[in-house]
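2 protein chains.
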Amino acid sequence: MVFATTAPVLAANDDRMVRNFLLDNGMEVVVIPDHRAPIVTHMVWYKVGSADEPPGKSGIAHFFEHLMFKATANHGAGELNRAVSEIGGSHNAFTSYDYTAFYETVAPSALEQMMGFEADRMRNLSLTDDDIKTERDVILEERRSRIDNDPRAVLDEAVDATLWQNQPYRIPVIGWMQEMEKLNRTDAVAFYNKYYNPNNAVLVVAGDVAPETVKALAEKTYGKLPRGPELLPRVRPVEPEQNTRRTVTLTDARVSVPNFSTHWVVPSYRTAERGEAEALDLLAEILGGGSRSRLYQQLVVKLGIAAEAGAWFQGTMLDATNFTVYGAPRGDAKLADLEAAVDAEVARIAKDGVTNDELDKAKDRHVRSVIFARDNQDELASMYGSTLATGGTANDVEEWQDRIREVTPDHVKAVAARYLGSDHSTTGYLLPKTEN
Amino acid sequence: MVFATTAPVLAANDDRMVRNFLLDNGMEVVVIPDHRAPIVTHMVWYKVGSADEPPGKSGIAHFFEHLMFKATANHGAGELNRAVSEIGGSHNAFTSYDYTAFYETVAPSALEQMMGFEADRMRNLSLTDDDIKTERDVILEERRSRIDNDPRAVLDEAVDATLWQNQPYRIPVIGWMQEMEKLNRTDAVAFYNKYYNPNNAVLVVAGDVAPETVKALAEKTYGKLPRGPELLPRVRPVEPEQNTRRTVTLTDARVSVPNFSTHWVVPSYRTAERGEAEALDLLAEILGGGSRSRLYQQLVVKLGIAAEAGAWFQGTMLDATNFTVYGAPRGDAKLADLEAAVDAEVARIAKDGVTNDELDKAKDRHVRSVIFARDNQDELASMYGSTLATGGTANDVEEWQDRIREVTPDHVKAVAARYLGSDHSTTGYLLPKTEN
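Line by line, the protein sequences give chains S and X. Take the first sequence: its letter number 117 is residue 117 in my numbering, and every next letter is one higher. Take the second sequence: its letter number 99 is residue 99 in my numbering, and every next letter is one higher.
Treat the hints as calculated values from the structure; they're not laboratory data. Each hint should be verified, as a subset may be incorrect.
Remember, identical chains collapse to one label, so a pair may be satisfied in a single copy or spanning two.
As the list claims (entries may be wrong) - Keeping only pairs whose Cα atoms sit at most 27 Å apart, straight-line, the calculated DSSO-like set for lysine-lysine is:
hint, residue 1, residue 2
1, Lys194, Lys220
2, Lys433, Lys413
3, Lys351, Lys194
4, Lys351, Lys433
5, Lys334, Lys351
6, Lys70, Lys302
7, Lys302, Lys220
8, Lys361, Lys334
9, Lys433, Lys215
10, Lys182, Lys194
Construct the entire structure; sequences and hints are all you get.
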């Protein structure tokens, strides 16, 4: 599965203090006590995603996520699945640009068994040519049905590849069809041996379990695995300065209502100067973070020209990321008029900034939405996993709320003015075939 | 220097039969007798260009071209330069996406000396940290002056990176500034040892010299070098199918007259089905190859709305290449009107094709232009060098005229209809700051 990262999270309360340690083989462990229900979420995050793939091998990170469900030296294919089902648990996996993760949600008594399965497949996968062929057919079909049959997904791919001209986020997580078709066992084994090792993994356990128990079980299972080869720092090609305004247009008979989205390259939590990513989070909230936002209030409620309008910022990334505004017209409104109105709101915030009151309310909304997300144990665990897998620390997660509170109106205005210029944006248009 | 490749060339006449052989260490040699004047052009083409660079190391192929003029174990820096100047010759070098070449034009009596210099620097370069630092400053200044100070060059880079979303032609030959700044001696030495070897080089000698002489001298000089490591086939990431129309706009106060260019991904001589690249060459000639072309006649002469308008096809490339139309308005004409008129000419040729008479005249013009280019010994040698360095053979050069003659009006119409659709094009706009 392909996955959108979540924003960082609040400090843990004292009564559920997060613990953080290293195994001798280099595997990082985070334990997040959460005793509200007798369940535990067990996740293994690998610090490898599609943006780490070798040239011409796009899709291999996601392909490998699939291959991890094949037989190992100790377990047949499907055994993990059956074990989880029998105890009424759930499990899944996802791949993103910067990481690949596997998780199970089960009763605490099954934690050791799950660790056993994950530790086993981290190093003991026995991939056959038949596994490769079968699963390659699966990912090719996944691409056909989820991307190639969906005009919006096709457009999104081309927009990403136009926004990112050098950084590897230009390549779709699922891969380019012509490269996926050629992925083979040699590629897969090389990828496995390079990246699937304890010193490239983060174990996150959230739930009704004591840190000491997790530590003992982790040492008993993962601790037996040898440290893998040392990896070079994840230094990837970065984006040159953007000096142009770019557009990408897809016209398709399957589209009924047109829409547009405009994207800018902005820093992520990992690449930003202190405070900038937090200001971008709040800028997205104020500009287009929901029904209280400027775009929604002005374009959907007041002018009535938009069926939808909003903004988002994807902060939890290893490299520079994107800030996006979007909209779809309502009724007889023209797409061009809506786009001009959205542009005007962006320009206004960059010129005039935001008020103290508006910012305080945005902080409250933003922090509350993260508290709400944290209520879901999977999401709670994912906040730590995604942060640690993109170069952050558990501390970053815990201090995030304080850093959000420190943002001033000047910070928000400054990031809008610095990054959201109309002369270096990338806009995608999805148009019905009949429109002229 | 950065270099635009030339088109392939005519069959040699019997009295100037081209000879083609391999040295024992794998170096290819082409000898093109040309006895009109007592000079000889000596070129060494390496089958490595910017599109072969490792991720994040953009610019290293061109950087290495510069480093090849530094001291070797046997010659000081500048010795080659002085030797060529003393005998009244000339010399230079250039880097492109697919190759890097070095050449000298001298009296035949100096051929052995030139071969000695080139064979020496192919393997005996002694690069110091000081060389790296000095020459890196030179290429950074070259980038600043030739790209960053020129709005058109900045736009062209962004257009290339928008047209090519996966294939390495999206990366500028000179490199991205932020990557050039970090190129170091380790990178340079690795690049040298991998690519600068006789089995990755083509020697082209054109001029007033007998093939037997060239062969004996080549064996005496280049023949002494050991074969280098075997290289993998040059299989690079290829482009996914383009389903979108894309635009890139640069607005700059230094621009006085606006212009546009539209680009399509098309096959090169190396990747095309038989006859397609020849048809694309003739399509470019008919549509916009000079003052007899449709675009020129219609837009510059008849309608008077264009200061310039034309088309070109860059066929001599290792991978898929681009077909381009362009124009700049004249007087009060609007850029949008000119673009629409150019689009109409493209659509007309795809719908209605070309006449026999028009095609015959285009063949004559196109063949004559290549005969004319061949009159220049450097260009004659380059036709062979660029073809051999992009996977072709001397035979391909020699048979090219016959293959051009075989193109029919249906072939031209078919490639226009197949490749030049408006829903999968990429257009660059260069606009004055004052224009709204």
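Hint by hint, here is what the structure shows:
In this homomeric assembly, lysine 194 and lysine 220 come within 27 Å of each other (Cα to Cα) only inside a single copy, at 23 Å, whereas the closest approach across copies is 46 Å. When the C-alpha separation of lysine 433 and lysine 413 is checked against a cutoff of 27 Å, the pair qualifies only between copies, where the shortest distance is 25 Å, while the shortest distance within a copy is 39 Å. With identical chains, the CA atoms of lysine 351 and lysine 194 are never at most 27 Å apart, being 49 Å at best within one copy and 53 Å at best between copies. Taking the shortest alpha-carbon separations for lysine 351 and lysine 433, only the inter-copy value of 20 Å comes in at or below 27 Å, while the best intra-copy value is 37 Å.
Taking identical chains as interchangeable, the C-alpha atoms of lysine 334 and lysine 351 lie at most 27 Å apart only when both belong to the same chain, with a minimum of 26 Å there against 32 Å between chains. Taking the closest pair of Cα atoms, lysine 70 and lysine 302 never come within 27 Å of each other, the shortest separation being 54 Å inside a single copy and 68 Å across copies. Taking CA atoms no more than 27 Å apart as the test, lysine 302 paired with lysine 220 passes in neither setting, with 61 Å inside one copy and 84 Å between copies. Neither within a single protomer nor between protomers do lysine 361 and lysine 334 lie at most 27 Å apart by alpha-carbon distance, with minima of 32 Å and 48 Å respectively.
In this assembly of identical chains, lysine 433 and lysine 215 lie within 27 Å of each other by CA distance neither inside one copy nor across copies; the values are 59 Å within and 63 Å between. Proximity of lysine 182 to lysine 194 under the C-alpha cut-off of 27 Å is found in both arrangements, the shortest distances being 20 Å within a copy and 26 Å between copies.
Consistency note: the structure conflicts with the earlier hints numbered 3, 6, 7, 8, 9.
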